[in-house]
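*Asks:* As a plain string of letters, each chain reads:
Number of protein chains: 2
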Amino acid sequence: MTHGRYASIPEHLKPAGTPGSTLLAIERKKASFDTKQMSEYLYGKEYLEKDAELVALLTSDTTGAFDKSNWNYLGRTEKFRLALKKDKRIAQLAREHGWDRETINHVESLCDFMGPFSVHRSMYLTTIDNMGTEEQKETFLVPALRYENIGCYAQTELGHGSNVQGLETTATYDKETREFVLHSPSMTASKWWIGGLGRSATHAVVMAQLIIDGKRLGPHPFIVPIRDPETRKPFPGISVGDIGPKAGLPGIDNGYMLFDHVRVPHFNQLSRFAKVDPETGKYTPPANSALTYGTMTYVRAGIVRGARTVLMRSVTVAVRYCAIRRQFADRDAPKFEGSKPIETQVLDYTMVQARILPILAKAYAFHYTSKYMYELYESCMEGINRGDLSLLAETHASSSGLKALCTIEAAEAIETCRRACGGHGFSAASGLPNFYNDYLPNVTWEGDSYMLSQQTSRHLLKQMRDLKRDPEGTPRSFTSDYMRHYFGVANGDENAAATRHEVNYSGDLHDPVWFIKAFGYRAAWLVDQTLELRDGPSKRSWNSILPELYRCAKAHSQALVIYNFAKAILNDSNLNSKPALRTVMQQLFLLHATHTMQQEGAEFISCGVIGPKQYQLLSNKSQELMASIRPQAVPLVDSFALSDYLVNSALGSSKGDVYEGLFRHALNEPINSSRWDVNVEDLETLEIDDSPALAKAKL
Amino acid sequence: MTHGRYASIPEHLKPAGTPGSTLLAIERKKASFDTKQMSEYLYGKEYLEKDAELVALLTSDTTGAFDKSNWNYLGRTEKFRLALKKDKRIAQLAREHGWDRETINHVESLCDFMGPFSVHRSMYLTTIDNMGTEEQKETFLVPALRYENIGCYAQTELGHGSNVQGLETTATYDKETREFVLHSPSMTASKWWIGGLGRSATHAVVMAQLIIDGKRLGPHPFIVPIRDPETRKPFPGISVGDIGPKAGLPGIDNGYMLFDHVRVPHFNQLSRFAKVDPETGKYTPPANSALTYGTMTYVRAGIVRGARTVLMRSVTVAVRYCAIRRQFADRDAPKFEGSKPIETQVLDYTMVQARILPILAKAYAFHYTSKYMYELYESCMEGINRGDLSLLAETHASSSGLKALCTIEAAEAIETCRRACGGHGFSAASGLPNFYNDYLPNVTWEGDSYMLSQQTSRHLLKQMRDLKRDPEGTPRSFTSDYMRHYFGVANGDENAAATRHEVNYSGDLHDPVWFIKAFGYRAAWLVDQTLELRDGPSKRSWNSILPELYRCAKAHSQALVIYNFAKAILNDSNLNSKPALRTVMQQLFLLHATHTMQQEGAEFISCGVIGPKQYQLLSNKSQELMASIRPQAVPLVDSFALSDYLVNSALGSSKGDVYEGLFRHALNEPINSSRWDVNVEDLETLEIDDSPALAKAKL
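As they're listed, the protein sequences go chains A and B.
Quick note, the first sequence lines up with residues 3 to 701 if you use the numbering used here.
Quick note, the second sequence lines up with residues 3 to 701 if you use the numbering used here.
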């Protein structure tokens, strides 16, 4: 380890006790299954090979664009600079290697910090592709794919978020000149939060209220050139800039933009669906909005898969670190090394297990949920293409509810894992603080997770109304199935019963089908109670029952997660042919199910699925399961096969070199390379040696 | 508003609709009580006057040391520089104005970002004061109070946090030279996380394992000079530096330190309690550790008061912003302004109320809890001084549990409030992201909140054992009182009953005494269940019941919070003489009590205090209460009397200029003052005009 001018450590020192690498090796020997087989089961061989290939490419790139090692020491401007460099390099490599969209997404997820081109790559290109005519695609898509134009997607305004109908920006059609005039009537009309707009974008898809002959026709997308690609100056009438620092995502230049009567040609209105006749100004509305729902489902499927990966990554860090970290000797049966008590691995504390092992189980649960969402998307799109819109409502409802549930739980999981790492979780070297701050927008964007669930519950209420009116006529679906089962129980159908009588010992909590029934029953019961508030004699206003609606959506989504996890245990032939995998997966399922049921205990008791005795049994069962899963914890996170490059954590490295990693992080700190005068008489701090290069540490 | 070179907005634009200032004025007119009277009731006139005086002094200081407006744009090094300047300026002003410790703490809390001298001011000075002899105080305290020395408190090591007994650093007594030899035997022995050590400190209190004649005598404090105050170079044998970036607290130089046989004179062992005879090396252990518990209680009382202020500040931001922000028209009864639907104030959504109004109530609850903790500390210290240690166990147990409960809930509250601010909550301008990240260490330090609660439950188990053995002999205390009541119910004492039979309508949920009984009953029931696991036939190991122990501690602490809030409602003559304050405070109490009981519903149902029907009534009642409190929300946060300087949020300013504030934050962003070349061919980003001065925005 090199000695810096003001900071150093002696080279010969090693961590005390058993090295982290040995501890991880011991943990890995406990595996009751083949981690490589598990990884292949989760992702498929092809994906894993591609991942390894891309990681090798990025880590051997010599431009420095993919180097994460200095990120934590940089200020916002420098971070933006590095993220821009990274995004440019991805564009170059994509061209060189002929990467498709999926590969680019894969690379972006490995690089971790999002940059100024991410919205260009996702929203800008997608919107033109979906909403533009062939001619518009030729004009706008081709230069954008070549990165000659950089685009952004300008919808949100300073005063208007989720409520798109409330947008203030107007696009008034001028028949004389065949132009649309874009205008911002007030300060709150300013576009805001627009990724890539702050400094990078040359073009924007602008969502604006279309006005023709004084008639407001709702928000429509327009392509607006905003900056001269050569001089980088905004075009006349456009005020634009970066909105300033955020909780996270410093690499993105989220921007604002105001229009002062900015004119674009008629051609710039994306007119695949809604059209304006250039001469008469006659407006033709879009045929149907089914495709919009398709896109939304696809985006949300991506968010749910993202939530799964968030859980995987956080719990990889927490499990590995807690397997290496030791704290306090066992109270009842201390062990000794000579006269010195050996401290317990933190992962052996049941209170630590109770915090992080359910997250481990949930990562597997969300894996199946995200697979289900992509399948749902596929079959929904297939239907739409056949003109069959019957799956649309169910798909939209489930994707909204799952987006809300998974993002809220993923954000919480990062923080739970960070805290489980104790003091060192607070170090940026743990990787979790940045990760958390960058993840947070997921809870709010693509529909605020607390409000979005209304989309789910609206469908649930409607479904139950339909079933009550016409039990036979309602088509089968996940939702109508569990609701029918609920009515069956209410009507005394013994076959349908999902009651406490089936569970008398913790050993009775073993059957995936019981959990499917129980979660469905509780969801249906909540919907029934809420429907009574809305349609019953009290005729409660929608607003007054929002907390109840939120609970319905949450219960429905939890039931979906349980259902899809259980289905895999029961029917996945790929899993059932591998008994070692299946055994540990069953335990993970039961942990997820008992833990979730316990957390929602009051509702499960209230609806009669369990009683206080069963509530206690859930706790016993989940503790038993955690004791069984504990020895498998390191192999189970190893199975996620996340590269050290992605995990990017001194605490969660697969090598187990926790303390060496923390020291590397310390020695690179720039304030270690300068002198700081603490003399109270001089108010200005004196720096003598402010060397620009960071001290290079070798361990 | 001035136009920057690359960013500007048109000067004439105003936010659409009713201005924020008007909306807040309307809200303030709804007050059912006098906010000034409420503030005086909470803090006393004297405190409020002092606060106003100090805010005026800091905001008019011309050195720039207290200017928060650029903080968000600075990198870590610049933040450290500004924090150092601020701490120096506080030292100068303290000298000039003769400030006492309390005033300095007050100033630090207003300044918000902690700096490199905070540990010097708290832990270093306090430790010497408490543990040093008169001669040692003369030698070490005098220059430290003059800031000629800057000290830190070096206890935690890289491999050792909460377990002080496990520290590796040794201090071996050398009788020949009458010196202690400090040494770090391994890498994990490195001092770590030490505030002020990274670059600032000249001295450290070092906790090290005392070794005399080969005998290990446990950790003891030593004063070690670490850097030459003139050259700032570490003394020989000392490796020291900053540990690098963290999730928050960038203004503090948390440091590491390793010793290679560093010698300090015998005099440097702080020897008020534990002594080493200089000649013989004979060791005299400290008389008793009662005082340590006193200090810990005092520190924890401060943490609980801090948690209260955290709740106040977060909810001030969320309530004010949600009163100004509008989103979507009402679904059932839309209102119109001409043909345009008027959007609803976000604060009117019951789902938003359900998230932030319980935090408002909790801020008041924690206010009384923190008062109680200071009283507890006083009476405990009084007892210790009289030689009466009977209060010690109860005080230690309660302060540990409350520290855990309050810090976890305060951290969660910041994030809940941030999310309630929607997208703009993610902007650094909201003030909440930094605030959250800086607050997080409170959950971990001074005893990890998840492990610390063992201190509480150990006492609870012991207390119940004592009571079962000798119901009459156990002295009265908060804990033994609620446990006796629990046994009374179990033995069929009708007077003691706290059962569901008393609550049949939501209107029955009105009596503070019922809630005191109910929370106490549930805590006692949990302790009884847990005691059965530990002492009963299953003889469960301590480790295996940690989750149950955690629940006991949480229930006990929640019962304490309820008890102290209820006591104020019932007995506080100062409150009872002001009916307007008392009325709203009763509602806040009931909201806090019903909301908390609902959250812990499964346990309350399990122990029989309520049934599923009452669980539903709790939900109805808390919704009724939120509807009543909603019009008082802005006046209630105004009553916290937090200065705009402290709140430091564009969203939470008392003036209501939300959108203007967000624009100011945008125009100051440094990346708006330079040109960014996005040309993909050039990998290095080009900056043409990287002016060092930030663009100055005027609105």
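Don't take each hint at face value.
One copy or any two copies: either way a pair holds, since identical chains are not told apart in the list.
[As the list claims (entries may be wrong)] As a list, the in silico BS3-like pairs of lysine-lysine whose alpha-carbon atoms are at most 30 Å apart: (1) Lys342 with Lys464; (2) Lys217 with Lys657; (3) Lys373 with Lys177; (4) Lys284 with Lys580; (5) Lys277 with Lys580; (6) Lys373 with Lys569; (7) Lys16 with Lys284.
Since the hints were made in silico from the structure, they are not lab data.
*Asks:* If a hint holds in the structure, say so; if it doesn't, say that too.
*Replies:* Do the hints match the structure? See the list:
no.: 1; hint: Lys342 with Lys464; in the structure: between (66 Å within a copy, 29 Å between copies)
no.: 2; hint: Lys217 with Lys657; in the structure: neither (65 Å within a copy, 37 Å between copies)
no.: 3; hint: Lys373 with Lys177; in the structure: neither (49 Å within a copy, 71 Å between copies)
no.: 4; hint: Lys284 with Lys580; in the structure: neither (63 Å within a copy, 67 Å between copies)
no.: 5; hint: Lys277 with Lys580; in the structure: neither (56 Å within a copy, 66 Å between copies)
no.: 6; hint: Lys373 with Lys569; in the structure: within (12 Å within a copy, 54 Å between copies)
no.: 7; hint: Lys16 with Lys284; in the structure: neither (78 Å within a copy, 33 Å between copies)
Consistency with the previously given hints fails for numbers 2, 3, 4, 5 and 7, ordered from lowest to highest.
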